[in-house]
Amino acid sequence: TLVFSNGKKACELEKEETLLFNLLLKRVDESYLSVETPNGKVLLSITKSKHKITVDFLEKPTVNVKLDLSVTLIDSEKTREKDVFEKEIVSPEYLKLATEKVTDDLTKLYDKLSRANADVLSAKNYVYKFKHSKYNSVKDLALSNFNFNPIVSVKSLD
Numbered sequence: 001t002l003v004f005s006n007g008k009k010a011c012e013l014e015k016e017e018t019l020l021f022n023l024l025l026k027r028v029d030e031s032y033l034s035v036e037t038p039n040g041k042v043l044l045s046i047t048k049s050k051h052k053i054t055v056d057f058l059e060k061p062t063v064n065v066k067l068d069l070s071v072t073l074i075d076s077e078k079t080r081e082k083d084v085f086e087k088e089i090v091s092p093e094y095l096k097l098a099t100e101k102v103t104d105d106l107t108k109l110y111d112k113l114s115r116a117n118a119d120v121l122s123a124k125n126y127v128y129k130f131k132h133s134k135y136n137s138v139k140d141l142a143l144s145n146f147n148f149n150p151i152v153s154v155k156s157l158d
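Anchor point for the sequence shown: position 134 equals 134 in the numbering used here, and the numbering is continuous, going up by one each time.
Derived from the structure by calculation, the hints contain no laboratory data.
Hints should not be assumed to be uniformly reliable.
Cut-off 30 Å, straight-line C-alpha distance, at most; resulting in silico cross-link-like pairs (DSSO-like, lysine-lysine) [said to hold, decoys possible]:
#	residue 1	residue 2
1	K41	K60
2	K26	K52
3	K134	K124
4	K15	K134
5	K48	K134
6	K41	K108
7	K134	K50
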């Protein structure tokens, strides 16, 4: 996926970065997430997603990205051994690993966007709309001058 900023190509996103990018910009109700575990890879189906992007002002402007995902287990070594193809509840261990993976990947995505100075998450627009008195202090700042705070929750769909 190509990312444009101010009418120019800013950067190119890989497959997993594109998934996270889409999760941050719109509601995605059907997608997949592969997670490496001590028992091998597991495939999780993302069945619900919710996102919220805000900006706070601490010592530096901080972009807060809240991402809530509901998932089911689609495939793992365990399901292949039992020859079971039904959706299963995801173990707490897999949920923790998925949360860590998404948080890490989200941070890498933000770093890539900030290096390209592509404010596609509309952080400055958020400041203009909701914290207008602070807008002049950030309007000319590069995105790399903002801190990043990912808040990720991955839970099993009951």
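Evaluated hints:
The hinted pair formed by K41 and K60 fails the criterion: a straight-line CA distance of about 38 Å is larger than 30 Å. Of the pairs offered as hints, the one joining K26 and K52 holds, with about 10 Å between alpha carbons and a cut-off of 30 Å not exceeded. Proposed proximity of K134 and K124 is supported: the alpha carbons are some 10 Å apart, at most 30 Å. Among the hinted pairs, K15 with K134 is inconsistent with the structure: their alpha-carbon atoms are about 35 Å apart, more than 30 Å.
Distance hint between K48 and K134 is unfulfilled; the C-alpha atoms sit about 34 Å from each other, more than 30 Å. With a C-alpha separation of about 21 Å, the suggested pair K41 and K108 falls inside the 30 Å cut-off, and the hint holds. For the hint pairing K134 with K50, the CA-to-CA distance comes to about 27 Å; that is within 30 Å, so the pair holds.
When the structure is compared with the earlier hints, violations turn up for hints 1, 4, 5 and for no others.
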